[in-house]
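Add chain B to chain A, keeping to what the hints say.
Protein chains: 2
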Amino acid sequence: MTVRVICPRNKKMKNPLEGVKVIDFTRVLSGPYCTMMLADMGADIIKIERPKTGDDSRSFGPLIAGESGYFISVNRGKKSVVLDLKTDAAKAAVKKLCLTSDVLVENFRPGAMKKLGLDYESLKELNPRLIFCSITGYGQDGPVSQYAGYDVIAQAVGGMMSITGYPDTPPTRVGTSIADVLSGMFAAYGIVSALHGRQTSGQGARIDISMVDSVMAVLENAVVRYGVSGKTPERIGSKHPSLCPFDIYEAKDGYIAIAAGNDSLWREFATAIKREDIIFKKEFETNELRCHNEKKLKKIIEDYTRAHAIKDLLNNLNKHGIPCGPVNDIARAVRHSQVLHRNMIVELDQKKIGKIKVAGTPVKITGLDDKNFSPAPLLGEHTDEVLAKL
Amino acid sequence: MTVRVICPRNKKMKNPLEGVKVIDFTRVLSGPYCTMMLADMGADIIKIERPKTGDDSRSFGPLIAGESGYFISVNRGKKSVVLDLKTDAAKAAVKKLCLTSDVLVENFRPGAMKKLGLDYESLKELNPRLIFCSITGYGQDGPVSQYAGYDVIAQAVGGMMSITGYPDTPPTRVGTSIADVLSGMFAAYGIVSALHGRQTSGQGARIDISMVDSVMAVLENAVVRYGVSGKTPERIGSKHPSLCPFDIYEAKDGYIAIAAGNDSLWREFATAIKREDIIFKKEFETNELRCHNEKKLKKIIEDYTRAHAIKDLLNNLNKHGIPCGPVNDIARAVRHSQVLHRNMIVELDQKKIGKIKVAGTPVKITGLDDKNFSPAPLLGEHTDEVLAKL
Numbered sequence: 054m055t056v057r058v059i060c061p062r063n064k065k066m067k068n069p070l071e072g073v074k075v076i077d078f079t080r081v082l083s084g085p086y087c088t089m090m091l092a093d094m095g096a097d098i099i100k101i102e103r104p105k106t107g108d109d110s111r112s113f114g115p116l117i118a119g120e121s122g123y124f125i126s127v128n129r130g131k132k133s134v135v136l137d138l139k140t141d142a143a144k145a146a147v148k149k150l151c152l153t154s155d156v157l158v159e160n161f162r163p164g165a166m167k168k169l170g171l172d173y174e175s176l177k178e179l180n181p182r183l184i185f186c187s188i189t190g191y192g193q194d195g196p197v198s199q200y201a202g203y204d205v206i207a208q209a210v211g212g213m214m215s216i217t218g219y220p221d222t223p224p225t226r227v228g229t230s231i232a233d234v235l236s237g238m239f240a241a242y243g244i245v246s247a248l249h250g251r252q253t254s255g256q257g258a259r260i261d262i263s264m265v266d267s268v269m270a271v272l273e274n275a276v277v278r279y280g281v282s283g284k285t286p287e288r289i290g291s292k293h294p295s296l297c298p299f300d301i302y303e304a305k306d307g308y309i310a311i312a313a314g315n316d317s318l319w320r321e322f323a324t325a326i327k328r329e330d331i332i333f334k335k336e337f338e339t340n341e342l343r344c345h346n347e348k349k350l351k352k353i354i355e356d357y358t359r360a361h362a363i364k365d366l367l368n369n370l371n372k373h374g375i376p377c378g379p380v381n382d383i384a385r386a387v388r389h390s391q392v393l394h395r396n397m398i399v400e401l402d403q404k405k406i407g408k409i410k411v412a413g414t415p416v417k418i419t420g421l422d423d424k425n426f427s428p429a430p431l432l433g434e435h436t437d438e439v440l441a442k443l
Numbered sequence: 054m055t056v057r058v059i060c061p062r063n064k065k066m067k068n069p070l071e072g073v074k075v076i077d078f079t080r081v082l083s084g085p086y087c088t089m090m091l092a093d094m095g096a097d098i099i100k101i102e103r104p105k106t107g108d109d110s111r112s113f114g115p116l117i118a119g120e121s122g123y124f125i126s127v128n129r130g131k132k133s134v135v136l137d138l139k140t141d142a143a144k145a146a147v148k149k150l151c152l153t154s155d156v157l158v159e160n161f162r163p164g165a166m167k168k169l170g171l172d173y174e175s176l177k178e179l180n181p182r183l184i185f186c187s188i189t190g191y192g193q194d195g196p197v198s199q200y201a202g203y204d205v206i207a208q209a210v211g212g213m214m215s216i217t218g219y220p221d222t223p224p225t226r227v228g229t230s231i232a233d234v235l236s237g238m239f240a241a242y243g244i245v246s247a248l249h250g251r252q253t254s255g256q257g258a259r260i261d262i263s264m265v266d267s268v269m270a271v272l273e274n275a276v277v278r279y280g281v282s283g284k285t286p287e288r289i290g291s292k293h294p295s296l297c298p299f300d301i302y303e304a305k306d307g308y309i310a311i312a313a314g315n316d317s318l319w320r321e322f323a324t325a326i327k328r329e330d331i332i333f334k335k336e337f338e339t340n341e342l343r344c345h346n347e348k349k350l351k352k353i354i355e356d357y358t359r360a361h362a363i364k365d366l367l368n369n370l371n372k373h374g375i376p377c378g379p380v381n382d383i384a385r386a387v388r389h390s391q392v393l394h395r396n397m398i399v400e401l402d403q404k405k406i407g408k409i410k411v412a413g414t415p416v417k418i419t420g421l422d423d424k425n426f427s428p429a430p431l432l433g434e435h436t437d438e439v440l441a442k443l
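Those protein sequences? They're chains A and B, same order as listed.
Residues 54 to 443 in our numbering are what the first sequence spells out, letter by letter.
Residues 54 to 443 in our numbering are what the second sequence spells out, letter by letter.
Any given hint could be a false lead.
No copy labels: a pair is met if it fits in one copy or bridges any two.
Here are the computed lysine to any residue pairs in the SDA-like style, where the Cα-Cα straight-line distance is at most 25 Å [said to hold, decoys possible]:
| no. | residue 1 | residue 2 |
| --- | --- | --- |
| 1 | Lys364 | Val197 |
| 2 | Lys351 | Thr222 |
| 3 | Lys292 | Tyr200 |
| 4 | Lys305 | Tyr200 |
| 5 | Lys105 | Leu116 |
No lab work stands behind these hints, which were simulated from the structure alone.
So here's chain A without its partners, still in its complex pose (with noise of 0.2 Å):
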């Protein structure tokens, strides 16, 4: 169940999905983030993979019995089909499945669906009613939609590394595969806006998502900022760029965050570090000037924070009503009592390997049941069974 005190669960809802059928061609992360999504919502996923080898990600590591920890992360709630789509015999079958499928998914480069005839144009004939959507590098066209685009090539491309790390550090790149992730969520969005349009339009549609795109839709004021300013934003490290202390600061046990971003937190949070003495001092008296002397600042706050362990540092603060958290390491946040509350942290019960954590769906939705998601197939788990339907 999902949202815990506001929303008992309804029994007699469905998930919002349920019903939904998408035929899923994608492999590695931005399109089976993307599905992932749907099926997290109800959606019938069919995922089909090439014989033998699979979705490539099957053989990504972690490994566990020979099995993916990767594949699984982003593939659970899934059906798997072996196909060989050089043969006819498969194409006429992923034919027969467009019939009465909803949606498909795929991240292939842009004219291979083409060349296997399984195009946008080639399948909208059969079903006018399919939502077809692609997911590449750089977009279906363009001067450079060709060329391969991996993760680390879109945050490089979309301007994203550029402001990420400290003004000494080279470009940084966001430690997740941000520009697949983005991706795939606005595939989603793309997908389920469009199944709702259908609803009065009795159309289907193409939609069209790049990873660069995706990348360049995020920087938040920076387009804007650089557009009025006619300055390049830079690197300015983990600090926010006009609020101090707002920032990441070091603790005896790691690093905390903390954001006292007025005049009347900044008094509150001197007096929790036991700095009474520097809250009306000249060069600290406003946010301007904190901003200002923002070095010195934090050289005087890292004083205390460094003698002091994360635990007792957000107790202090919290209880002078301070907005700040600890920094934490994935084996900290994993344990989190809050993220355990969430359900962010769920298990899969996998065939071949027995149970295995992942992240779970941040999406609640009354009536969803965000704890008990369905494993990910073994690659053709489900061939024979889809397969005799059609």
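Below, chain B without anything else, positioned relative to chain A:
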């Protein structure tokens, strides 16, 4: 027009969310990003703002003739209605609006809507089809749900910062407010999913999105990797954990991302940088050996790349079929030919200040005009128009 080559615009098609009515109580970034995504797909957004100051972000820089570029960049296509929610008349107006609305989105702290008498339980009595979405730092319930959840805190608590950065730097905040944006995106996805589900159930839904949940959900393989190995994932800079060469490299005039992740690409790459001599050198012969000797290899590669301009490197590597891309700063990203071709930089024609450039929508979908967006509203611009209809 959007999916340019493949999908000529069909003039009869409506935008996917046309006719969807949204009451928007959101402020700053996470909520406004969500409702901008809904607006981009054609939904009608009525943004409720408090008198005089409105959304806090109306005062965020960069300012142009007193108007906020920050606000404009995440509020295009919405209507602004000023209401003082402390008054009964305002609450009555919101309730009237609810009768004919599909969606309500808010990002106050948990409990604030209840204090106003505008919580889900109250409003669904008036309109059982209402979809009510909240976005908060930690979610509506749980041990720390009442704590303030700024972006930097959610990035910290969710583990994202711990895996972003170089081995010798502190944890690193992603340079854009990714926790805000991700929670806005998951909210938008939840909302359209609920709209779809409502078509069969006839029922609205309660959606509860948390910034920390949203960060946890995009950690890629970090959760499963930790679960399986017991090892806490660390910061590894911009390189790939298990492929080499797959990193960014310093050029004469910036950095370039290169992704030569298999043996044949390696051989081609070494040839491209005129180092055929090291292709079969014992220490670089296999991917595993290259990863093991990554530092040494990076030095060799940068000896070459530092001597050449990005443009020349790209030409050369692309000729050899090596996946690569420039590490664009924002100035370069917004001018990239592909970015421009894809309409990812669009111009809004704002009242008072004229034309201003913002990032476009990455959701390219049949029939959607991805070039011409309505401007962001002035504070209270639509108050009379909207209230007159009630």
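Going down the list of hints, with the structure as the test:
no.: 1; hint: Lys364 <-> Val197; in the structure: between (50 Å within a copy, 14 Å between copies)
no.: 2; hint: Lys351 <-> Thr222; in the structure: both (19 Å within a copy, 16 Å between copies)
no.: 3; hint: Lys292 <-> Tyr200; in the structure: between (35 Å within a copy, 20 Å between copies)
no.: 4; hint: Lys305 <-> Tyr200; in the structure: between (47 Å within a copy, 23 Å between copies)
no.: 5; hint: Lys105 <-> Leu116; in the structure: within (17 Å within a copy, 58 Å between copies)
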